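Engineer: Here the protein sequences line up with chains A and B, keeping their order.
Numbering (the working numbering) for the first sequence: 3 to 370.
Numbering (the working numbering) for the second sequence: 3 to 370.
One should not assume that every hint holds.
Identical copies go unnamed one by one, so any copy, or any two together, can satisfy a pair.
To be verified - Here are the computed lysine to any residue pairs in the SDA-like style, where the Cα-Cα straight-line distance is at most 20 Å:
1) 9 / 314
2) 238 / 15
3) 88 / 151
4) 344 / 214
5) 9 / 211
6) 344 / 63
7) 172 / 263
8) 172 / 317
9) 9 / 233
10) 238 / 12
11) 340 / 291
12) 152 / 321
13) 340 / 318
14) 5 / 23
15) 88 / 204
16) 238 / 13
17) 238 / 160
18) 152 / 80
19) 152 / 12
20) 59 / 358
21) 340 / 241
22) 88 / 78
23) 88 / 215
24) 59 / 47
25) 66 / 33
26) 88 / 150
27) 66 / 97
28) 88 / 153
29) 88 / 60
The set of hints was computed from the structure by calculation and includes no laboratory data.
Please read all numbers here as calculations on a predicted model, not as lab measurements.
Residue strings, one per chain:
Number of protein chains: 2
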Amino acid sequence: MEKLHVKVPAVEAGGYDILIGGGILTDSVIAEFVADRRVMLVSDENVERAGILDGIKVPSGCEKFIISPAGELSKNISTVTAVIEKMEAAAMGRDSVIVGIGGGTVGDMAGFAAAIYKRGIAVLHIPTTTVSQADSSIGGKTGVDSTMSKNAYGCFWQPRGVIIDVRTLKTLDERQYRSGLVESLKHALIRDAEYFEFLETNVANLLIRDEPTLIRLAAYNCRIKAAVVEQDPTEKNLRRILNYGHTIGHAVETLCDYTLYHGECVAIGIVAASMIEQRIGIGTRERTNRIVDVLLALSQPVRIPAQCSIDGIIDIIRRDKKSVGAVPRLALIEQIGKACCKDSQWAHPVSTDIVQEVIAELREVGLE
Amino acid sequence: MEKLHVKVPAVEAGGYDILIGGGILTDSVIAEFVADRRVMLVSDENVERAGILDGIKVPSGCEKFIISPAGELSKNISTVTAVIEKMEAAAMGRDSVIVGIGGGTVGDMAGFAAAIYKRGIAVLHIPTTTVSQADSSIGGKTGVDSTMSKNAYGCFWQPRGVIIDVRTLKTLDERQYRSGLVESLKHALIRDAEYFEFLETNVANLLIRDEPTLIRLAAYNCRIKAAVVEQDPTEKNLRRILNYGHTIGHAVETLCDYTLYHGECVAIGIVAASMIEQRIGIGTRERTNRIVDVLLALSQPVRIPAQCSIDGIIDIIRRDKKSVGAVPRLALIEQIGKACCKDSQWAHPVSTDIVQEVIAELREVGLE
Numbered sequence: 003m004e005k006l007h008v009k010v011p012a013v014e015a016g017g018y019d020i021l022i023g024g025g026i027l028t029d030s031v032i033a034e035f036v037a038d039r040r041v042m043l044v045s046d047e048n049v050e051r052a053g054i055l056d057g058i059k060v061p062s063g064c065e066k067f068i069i070s071p072a073g074e075l076s077k078n079i080s081t082v083t084a085v086i087e088k089m090e091a092a093a094m095g096r097d098s099v100i101v102g103i104g105g106g107t108v109g110d111m112a113g114f115a116a117a118i119y120k121r122g123i124a125v126l127h128i129p130t131t132t133v134s135q136a137d138s139s140i141g142g143k144t145g146v147d148s149t150m151s152k153n154a155y156g157c158f159w160q161p162r163g164v165i166i167d168v169r170t171l172k173t174l175d176e177r178q179y180r181s182g183l184v185e186s187l188k189h190a191l192i193r194d195a196e197y198f199e200f201l202e203t204n205v206a207n208l209l210i211r212d213e214p215t216l217i218r219l220a221a222y223n224c225r226i227k228a229a230v231v232e233q234d235p236t237e238k239n240l241r242r243i244l245n246y247g248h249t250i251g252h253a254v255e256t257l258c259d260y261t262l263y264h265g266e267c268v269a270i271g272i273v274a275a276s277m278i279e280q281r282i283g284i285g286t287r288e289r290t291n292r293i294v295d296v297l298l299a300l301s302q303p304v305r306i307p308a309q310c311s312i313d314g315i316i317d318i319i320r321r322d323k324k325s326v327g328a329v330p331r332l333a334l335i336e337q338i339g340k341a342c343c344k345d346s347q348w349a350h351p352v353s354t355d356i357v358q359e360v361i362a363e364l365r366e367v368g369l370e
Numbered sequence: 003m004e005k006l007h008v009k010v011p012a013v014e015a016g017g018y019d020i021l022i023g024g025g026i027l028t029d030s031v032i033a034e035f036v037a038d039r040r041v042m043l044v045s046d047e048n049v050e051r052a053g054i055l056d057g058i059k060v061p062s063g064c065e066k067f068i069i070s071p072a073g074e075l076s077k078n079i080s081t082v083t084a085v086i087e088k089m090e091a092a093a094m095g096r097d098s099v100i101v102g103i104g105g106g107t108v109g110d111m112a113g114f115a116a117a118i119y120k121r122g123i124a125v126l127h128i129p130t131t132t133v134s135q136a137d138s139s140i141g142g143k144t145g146v147d148s149t150m151s152k153n154a155y156g157c158f159w160q161p162r163g164v165i166i167d168v169r170t171l172k173t174l175d176e177r178q179y180r181s182g183l184v185e186s187l188k189h190a191l192i193r194d195a196e197y198f199e200f201l202e203t204n205v206a207n208l209l210i211r212d213e214p215t216l217i218r219l220a221a222y223n224c225r226i227k228a229a230v231v232e233q234d235p236t237e238k239n240l241r242r243i244l245n246y247g248h249t250i251g252h253a254v255e256t257l258c259d260y261t262l263y264h265g266e267c268v269a270i271g272i273v274a275a276s277m278i279e280q281r282i283g284i285g286t287r288e289r290t291n292r293i294v295d296v297l298l299a300l301s302q303p304v305r306i307p308a309q310c311s312i313d314g315i316i317d318i319i320r321r322d323k324k325s326v327g328a329v330p331r332l333a334l335i336e337q338i339g340k341a342c343c344k345d346s347q348w349a350h351p352v353s354t355d356i357v358q359e360v361i362a363e364l365r366e367v368g369l370e
């Protein structure tokens, strides 16, 4: 038997810029980015209806794909296929650019289409929601759902740039706007105590969508998210702290059949994590209360809806990607602004009993 | 406007082994590779019918997906979706391995499924045809066709290993076996004069599928292919020499509606390239004749079928990925074993007139 070795060369470090401002989409930022390359603009009917697409400057002759219906229902391989076939029909080459304008699902699909069209082309993300501006547009996760699970298909595919125009947030309805701010709270909790204080003292400014406040918020979020994904781009370990509040949150999201928004479920998940921290001796009641106060000021739910059974939640958590041998593992914090790291691990095994107790308490008796 | 920069860290150099032998699939090589990880075996009905799957040792409890019908007809996104859904239904995690056993289309689909399942899992390639053992199993190109073009969807996704058992070649019918050897001739022409002489003197041994000869052939091919893809993994430049004979070959393949095999079309494309080299002063009639002799000994066509019109071929070549401003660009050689490099470029503009003349000569008058 002969044996040969094929070397796969190193890939050099790279990077991309995030531009943050208010009203910048009406300037020439997109045109400067795409230069003379052909553009496929991917967006959805919500963004179109909100008038965001009318207000922006796009290169003339750009192709356009409007996802309909907007949201998770369209986040599947058929939509990505349709985007790619439209690009093919327009004979777009490898030097084309996909510009994704919208929330997380638009970004995930635009990024995934870019990752697999002709073995990979450039993508520019223009997030327009509180969630996507804080979180999903940075870090290169792309993907679509299968009939069985979320993000079953996907790639890590880094964007060539991200443009955050906080003015687009004014188009969101109150519930979508507020629930998306929970991802910002999450960032503060895992990485930055000063940011948490900024949130505590600026809730009123956030609620009126004050532009300077939103620009500062975006800058905080991007700095934190960037620092985390730079250290662990493919989620081997550290990046798991971004899952703070998401393990139990995802379970609630599934069990309530998506009647609660993602951010609302994460709010509940953060409270649950905080109570678990108390029980294993790394949290305090005062800390939980401080967090709950911010969530309530943002009109977020902090209790598990009755329709979510304890067993149902436990079952889903056990099948979570982070679980090892059916023992739940959660991202946790040891103080506000500091995620917990033990034996170089950022996701921590928690006994099913403790998780069960906390769920029971949050669900039935409520929080005292 | 605020501007932040996100660093994308470098990816370290890596690599993978290629094992080459006769009858090695019956040993424990696959089991050693996959260790205790779960396996999805992807193959097609031709491979199954040939009995290759019966003869190999696979880990117990491995899942199996048999592509039907075999070949290009099934090379689409629906097949990849079906593979992924089967993995999901079996609750296979990120540490699973896809093992692709078959020709180029199986490898392309197995590799693509691995690239996009849960943002990327391991793939082991076990090529079973002359083409895939020489060429497509090495280098990380994966993808599927759209209704409009070949490999419209895809990723670069490096395998974790390649196992080449030349005994599987004994299951191929004569035409498939021989036409696949054209990729070996191509490797010799672009990189290795000694290898070309080996082919000239070993045609008889190749035709009887002598195992030691096939093992030497595989080793030559893998060394050449590995050397090229190591220098240019994502086909920015050098890797284009692997397209030798393919530009005109692909056009013929399309215009004859795939009634000729890929290798047969590449044979014609190689002869055309050789005649173009004569006309632009970097080839000789003697060299073309030497190449044609090997092709004829392998029963390969060396003339363009009458059904392919000159205009049709020119039109397709102009839309080739390598074309710039509708001027055809071809990989060429300056001597046997040495691809042509000019101004650091490995694909060369050739005037449409010359291409037209050569096509006319090859098509109507034949080769003198």
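Engineer: For every hint, state whether the structure bears it out.
Structural biologist: Here is how each hint holds up against the structure:
| no. | hint | verdict |
| --- | --- | --- |
| 1 | 9 / 314 | neither (47 Å within a copy, 40 Å between copies) |
| 2 | 238 / 15 | both (18 Å within a copy, 18 Å between copies) |
| 3 | 88 / 151 | between (26 Å within a copy, 13 Å between copies) |
| 4 | 344 / 214 | neither (38 Å within a copy, 55 Å between copies) |
| 5 | 9 / 211 | neither (52 Å within a copy, 30 Å between copies) |
| 6 | 344 / 63 | neither (54 Å within a copy, 36 Å between copies) |
| 7 | 172 / 263 | within (18 Å within a copy, 59 Å between copies) |
| 8 | 172 / 317 | neither (39 Å within a copy, 50 Å between copies) |
| 9 | 9 / 233 | between (25 Å within a copy, 9 Å between copies) |
| 10 | 238 / 12 | both (18 Å within a copy, 15 Å between copies) |
| 11 | 340 / 291 | within (17 Å within a copy, 73 Å between copies) |
| 12 | 152 / 321 | within (13 Å within a copy, 38 Å between copies) |
| 13 | 340 / 318 | neither (27 Å within a copy, 59 Å between copies) |
| 14 | 5 / 23 | between (56 Å within a copy, 9 Å between copies) |
| 15 | 88 / 204 | neither (44 Å within a copy, 49 Å between copies) |
| 16 | 238 / 13 | both (18 Å within a copy, 14 Å between copies) |
| 17 | 238 / 160 | both (16 Å within a copy, 19 Å between copies) |
| 18 | 152 / 80 | both (15 Å within a copy, 18 Å between copies) |
| 19 | 152 / 12 | neither (31 Å within a copy, 28 Å between copies) |
| 20 | 59 / 358 | neither (52 Å within a copy, 44 Å between copies) |
| 21 | 340 / 241 | within (14 Å within a copy, 47 Å between copies) |
| 22 | 88 / 78 | both (16 Å within a copy, 16 Å between copies) |
| 23 | 88 / 215 | neither (39 Å within a copy, 48 Å between copies) |
| 24 | 59 / 47 | within (18 Å within a copy, 52 Å between copies) |
| 25 | 66 / 33 | within (15 Å within a copy, 49 Å between copies) |
| 26 | 88 / 150 | between (27 Å within a copy, 10 Å between copies) |
| 27 | 66 / 97 | within (17 Å within a copy, 38 Å between copies) |
| 28 | 88 / 153 | between (23 Å within a copy, 15 Å between copies) |
| 29 | 88 / 60 | within (18 Å within a copy, 41 Å between copies) |
Hints 1, 4, 5, 6, 8, 13, 15, 19, 20 and 23 from the earlier list are contradicted by this structure; the remaining hints agree with it.
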